[in-house]
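*Asks:* Chain by chain, the residues run as shown.
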Amino acid sequence: MAEKLDPKAQAKAFEKYIAGKKILIADPSGASRASIANILASMGAKTVQFTLASSYLEAEDAIERLQPGVVIADYDLGKRCGLDLLQKQRLHNKSLAQSLFVLVTGNTSQSAVAKAAEEDVDTYIIKPFTAGVFRASVMKAALMKTDPPEYLKILDRGKEELIAGKAQEALRTFEYATTLDAAPSLGHFYSGQAHNLLKATEVEEGSYNKGLEYNKIHYKCLVGLYENFAARKRHHEAYAVIKKVSHYFPANPQRLTAVLRLAIVTQSYEDVERYYRIFTSIDDRNEEMIKYICAALVVCGKYYLQQNFGSRALELFQKAAITASGRTRILREIITSLLDFGLAKQADEFLRRFPPESQKGVDYQAMSLLIMDQTSPRTLVIEKGRELLSQNLRDPIIYRVLIRRSAEHGLTHALEDLINEARKHFPDQSAIFEKAAKTPKAAPASSSAAGVPSSTGTPSQAKK
Amino acid sequence: MNPDHDTPVDSDELIRVSDFESMKIRIEVKNTTTRTEVPKNAAVELLEIHDRGVVLALPAQSCAHGHNLMISFQATTPQKKEFSFVSTAKVELAEKLDDDDQLRITLSFLQYDEAGWRRFCDGFNSRQAEIEEFFKAARGF
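Note that the protein sequences, when read in sequence, are chains U and C. Under the numbering used here, the residues of the first sequence are numbered 166 to 629, in order. Under the numbering used here, the residues of the second sequence are numbered 6 to 146, in order.
I should point out that these hints are in silico values taken from the structure, not numbers from a laboratory. We put the CB at the ideal spot given by N, CA and C, even for glycine. Don't take every hint at face value.
What the hints assert, rightly or not - Stretch-level coverage of chain C by chain U, calculated; a stretch enters the list once three of its residues show a Cβ under 8 Å from a Cβ in chain U: (1) 21-32; (2) 57-68; (3) 92-98; (4) 127-137.
To be verified - Restraint-style ranges between C-beta atoms, simulated for each label pair: (5) A206(U) with G121(C): 38 to 46 Å; (6) A48(C) with E284(U): 23 to 31 Å; (7) D593(U) with S23(C): 57 to 65 Å; (8) S113(C) with D312(U): 31 to 39 Å; (9) E334(U) with G121(C): 58 to 66 Å; (10) E367(U) with G121(C): 56 to 64 Å; (11) A329(U) with S113(C): 56 to 64 Å.
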């Protein structure tokens with residue numbers, strides 16, 4: 166095993182490993198590329214082996230053309246993340262088991278480090294580095310590939326059995342592997358995976374928990390446990406685990422979305438408000454994060470409307486609308502929620518938040534009609550609805566309102582054509598259109614019941 | 006972040022702003038030989054730390070082999086801990102890089118506080134050690 170070799174033997178083993186391998190160094194800084202190349206050269210690499218890339222695109226191209234066995238990248242490559250090159254390497258490299266992916270970067274943030282660990286990067290070296298640290302880190306990672314410990318070799322065998330569908334065999338292999346290491350979290354994780362294949366979900370849970378006894382932040386065991394609870398619809402337990410994962414591995418926006426979703430499912434609405442407060446202090450927000458936080462705020466707002474905490478609901482809707490920055494789908498959700506509770510005046514205030522350039526669009530026009538449906542005479546609503554359809558603005562809500570109002574007005578002749586047209590454009594909503602034609606409009610929950618004062622101005626604090 | 010504490014995660018702790026922040030290093034370089042100063046907004050990067058020196062990336066024309074520099078480093082962690090180091094240094098090697106408007110220089114310190122230098126290096130060494138511990142715990146090997 167590599168760890169038992171003395172330093173000279175390790176150096177020789179590394180020279181043997183690196184010999185003939187193509188090495189890609191991707192870093193925007195030429196000086197940094199030179200530093201890394203110099204140290205690797207001192208470890209036995211030859212100049213002809215190096216390809217240097219100053220940008221993500223250059224590096225991506227080099228990976229496709231050359232399939233380098235060793236990639237050393239900065240985490241920050243202009244607007245792109247060097248970590249994304251790992252997927253490229255995995256896609257293009259035929260001898261992946263022997264290849265190396267190393268991040269060498271000035272980005273010392275925990276979010277970057279955690280993301281790298283999640284993706285199974287071989288090692289992470291921060292700048293400024295000492296030559297000694299660089300050598301030791303890279304050598305250790307490389308020697309893990311050439312001469313891994315028995316524990317990892319057995320796990321690899323088990324993984325092959327798992328991939329081949331031999332779950333029972335794999336389980337025996339993994340259970341044997343766990344006797345070979347002092348902290349066999351990974352072995353227990355793979356046992357859990359084997360139990361998953363065997364549909365033994367409770368035993369699977371036990372395997373992940375066993376793994377976590379050795380290592381409380383073992384990423385695979387945590388995610389395995391979360392997925393196990395989520396599949397069994399044990400939402401509260403899943404929520405607790407996903408919160409832990411996000412605590413230690415903060416950067417994954419998809420996980421944040423899972424956290425938000427579970428916060429809603431487990432009715433932890435106050436958590437959502439706290440997440441929003443934290444969210445507003447993060448500089449680096451992506452589209453998905455924004456979308457999900459807005460959606461979560463809207464769901465919370467709906468909940469508070471149902472619970473007669475109207476002022477609080479409005480506050481959350483305001484926050485969602487501000488964060489949404491003109492994203493019309495969110496504004497639409499807010500407006501429909503308010504109208505469900507007869508809050509047409511408040512809904513109209515949110516309608517005004519649609520950006521000017523979107524006001525000719527179907528989302529704005531549909532919401533405008535929906536508000537008119539609660540505030541204007543029937544004939545005007547019908548007239549408006551027909552006008553929108555004649556402009557080719559088609560939306561299920563427009564059809565729904567028009568169908569219902571036409572039915573109320575006794576326009577039976579036009580009704581059938583309308584329903585058919587609606588079904589043609591939105592076939593999955595046929596049942597809703599049929600229902601609209603038959604059901605008189607239900608009175609919305611009264612605004613006072615929602616805890617929102619009917620007068621304009623600052624809503625009074627709803628009693629909790 | 007201590008993974009040994011198995012306390013339930015509070016929502017307020019769920020996302021820490023500091024997790025998204027990196028260590029910041031402010032570097033000031035004065036060329037005492039030419040009596041010029043590298044502009045404060047110039048791209049200066051601390052690449053390597055040696056026992057008694059450093060490797061820096063500087064704008065081209067900042068200095069040359071044999072020049073003396075006054076360098077000052079101030080590092081701030083996401084937790085707002087600060088550590089700094091000041092020294093005079095000699096340019097042992099200055100490499101102009103072909104495709105970059107950059108100079109890669111190797112400096113050796115002339116007059117410096119050894120204990121201060123060790124403390125400064127520890128700021129980075131300890132973060133590197135934390136990362137390695139985290140990797141080992143997160144991956145399980």
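*Asks:* Now tell me, hint by hint, if it's right for this structure.
*Replies:* Right, here's what the structure says about each hint:
1. 21-32: Result for this restraint: holds, n = 9.
2. 57-68: holds (count 4)
3. 92-98: With 0 residues close enough to chain U, the hint is violated.
4. 127-137: holds (count 6)
5. A206(U) with G121(C): 38 to 46 Å: Because 32 Å falls outside the window, the suggested range is violated.
6. A48(C) with E284(U): 23 to 31 Å: Holds, at about 29 Å.
7. D593(U) with S23(C): 57 to 65 Å: violated, 46 Å
8. S113(C) with D312(U): 31 to 39 Å: holds, 38 Å
9. E334(U) with G121(C): 58 to 66 Å: The hinted range 58 to 66 Å holds for E334(U) and G121(C), with Cβ atoms some 59 Å apart.
10. E367(U) with G121(C): 56 to 64 Å: Since E367(U) and G121(C) have Cβ atoms about 58 Å apart, the given range 56 to 64 Å holds.
11. A329(U) with S113(C): 56 to 64 Å: holds, 58 Å
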